[in-house]
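Please put together the full structure from these sequences, using the hints given.
Here the protein sequences line up with chains A and B, keeping their order. If you read the first sequence in my numbering, its first letter stands for residue 1, the second for the next number, and so on. If you read the second sequence in my numbering, its first letter stands for residue 1, the second for the next number, and so on.
Cβ-to-Cβ under 8 Å is the rule here; a few derived chain A residues that face chain B:
#1 V36
#2 I43
#3 F72
#4 L147
#5 M209
Below are the PhoX-like pairs computed for lysine-lysine, each with C-alpha atoms no more than 25 Å apart in a straight line:
#6 A:K198 / A:K150
#7 A:K161 / B:K23
#8 A:K161 / A:K150
#9 A:K198 / A:K161
#10 B:K39 / A:K106
#11 B:K23 / A:K148
#12 A:K74 / B:K39
#13 A:K161 / A:K148
#14 B:K23 / A:K157
#15 A:K161 / A:K106
#16 B:K23 / A:K45
#17 A:K157 / A:K106
#18 A:K157 / A:K198
#19 B:K23 / B:K39
#20 A:K148 / A:K198
#21 A:K161 / A:K74
#22 B:K23 / A:K198
#23 A:K74 / B:K23
#24 A:K18 / A:K45
#25 B:K39 / A:K45
#26 A:K74 / A:K106
#27 A:K74 / A:K45
#28 B:K23 / A:K150
Derived coverage of chain A by chain B (criterion: at least 3 residues anywhere in the stretch with Cβ under 8 Å from a Cβ of chain B; other residues may be distant):
#29 55-64
#30 73-85
#31 194-207
No wet-lab data here; the hints were simulated from the structure. Every residue gets a Cβ at the ideal spot worked out from N, C-alpha and C, and that includes glycine.
Each chain is listed here by its residues.
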Amino acid sequence: MDVTKVFGKTLVSSPERKQEADSDMAIVRVVQAGDVAAFDQLILKYRERVFGIIYNMTANREDASDLTQDSFIKAFQSINRFGGQSSFFTWLYRIAINSTLSHLRKHRLRSFFSLETIDEDAPVSRELIAALTDKSGADRDAFVHELKEKLNEAMQKLSIKHRTVVTLFEIDGLSHQEIAEVMECSVGTVRSRLHYAKQLLQSELQPYMRK
Amino acid sequence: MKSNEHNRPVTLEDLLRLKRAEKPSSTFWTRFESELRAKQLAAIVEKNPWWRRLLGEVVPRHRFSLSATAILAVTVFVVRSNDLAPPESPPAKAMALATSLGASVDRLGAVLREQSSAFSDDLTVESGFAAFSAGSIAASAADPEAREPAAVLLAKEETSHGISRSEAWSADDELEPSALSPRAQTIANNLAVVKEAHPELSDRFFAASGFDLMGVMPSRQVIDPLSQMRSPSDINRELALASARFVASTKLARNSERVARRISDERLTEEAIRRFGARGNELSVKF
Chain A
1 MDVTKVFGKT
11 LVSSPERKQE
21 ADSDMAIVRV
31 VQAGDVAAFD
41 QLILKYRERV
51 FGIIYNMTAN
61 REDASDLTQD
71 SFIKAFQSIN
81 RFGGQSSFFT
91 WLYRIAINST
101 LSHLRKHRLR
111 SFFSLETIDE
121 DAPVSRELIA
131 ALTDKSGADR
141 DAFVHELKEK
151 LNEAMQKLSI
161 KHRTVVTLFE
171 IDGLSHQEIA
181 EVMECSVGTV
191 RSRLHYAKQL
201 LQSELQPYMR
211 K
Chain B
1 MKSNEHNRPV
11 TLEDLLRLKR
21 AEKPSSTFWT
31 RFESELRAKQ
41 LAAIVEKNPW
51 WRRLLGEVVP
61 RHRFSLSATA
71 ILAVTVFVVR
81 SNDLAPPESP
91 PAKAMALATS
101 LGASVDRLGA
111 VLREQSSAFS
121 DDLTVESGFA
131 AFSAGSIAAS
141 AADPEAREPA
151 AVLLAKEETS
161 HGISRSEAWS
171 ADDELEPSAL
181 SPRAQTIANN
191 LAVVKEAHPE
201 LSDRFFAASG
211 FDLMGVMPSR
221 QVIDPLSQMR
231 SPSDINRELA
241 LASARFVAST
251 KLARNSERVA
261 RRISDERLTE
271 EAIRRFGARG
281 NELSVKF
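In structure tokens:
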């Protein structure tokens, strides 16, 4: 059974994803019929996820914002060519990742990182931060800031392809199969890249892990 | 409970989950939406063509040479278009005038045809106004293929009938009836009749043109082309006289030139000395 983790939950992939893909496809058909405003529903649905992927790949908020917008514009412009061979979100992710890879190749040497605020109201992050430190107040904030910087640095040390696989699997929660579809490579390649990337990240983030 | 949280193991997946919790603020999404909306509108309204992208890359680099080339091209184009333009090409005003005249003349022609039973010289009127028929004028003005402009057409009609429009229309105001050609007189008479019968129509006719023909087209003296024609005998006589004059003048000139060439100044002086002799009381002259 194909299992996909999405935002900390474990979801059975097939029925929910299929239902999601069907509803997306219905909206796409409406847009293709000429109702341009219907595309807004797709933007609202996917903008945070697309932004999240691109932000974790570029580590720059402004670049991520521009690339997310460009991805939606590209999808909008070529939506008439989308025939439904894959699900809409796979197609949209492919556009976003290809745009990001192209951007990263062009600006390989640029490294202006910007940090987003961690949503500490989310139970996952609250528990984790509590597990990592027993400090409070300014010390705690400084620790969280340092941890975010270290995470970014460690991610940027990965190659573009390894970073993409880690982002899609660990942060966005796609399955190996979905990542393979998005990146247009085999599932084996995805697994091997993920394994290598995790090894590298573990060595980089060893001081923050506790057994 | 709290101590359990503090003692739980922290894995790499846990750390990466922190990245999942990194989210931008709501103000960011507001700005994002407005920017995306602008880009989306631009994408709908205008698709960027390839040549614009090319211009965007090439123009900033070669702007001086391109501007110089553009100026040169415009200059060449203007000079060439001035050279190629036909001298009698009609101005737009004349074209508009011709079109409006065509419509007005049509209406006037219809009125004249109604009045034709009252006038014996109907045929002259028909020929006079049919020449300015709206069909030909409007068609030539409207049809781009018919390159002969309406103004030229009107000029042709004018010359073929030996009258000018201004003369015909202003005949009763400005010119003596004796100064007009017979046809012009006929048309002027007809116009006068129409003016009397339908003054408002004739006023509208001249007003509809939107152009003061009387003011713009200067009236000139009419010369009947028939009176200007010469008979063949006159032409022959003139030719013979001209050739005789030419031959005579050239012969005289040639003779004097030859004599002048043959006798130089010194020789003339020498001969004069030899011919005149003086001895004692005698004076001799040799011939």
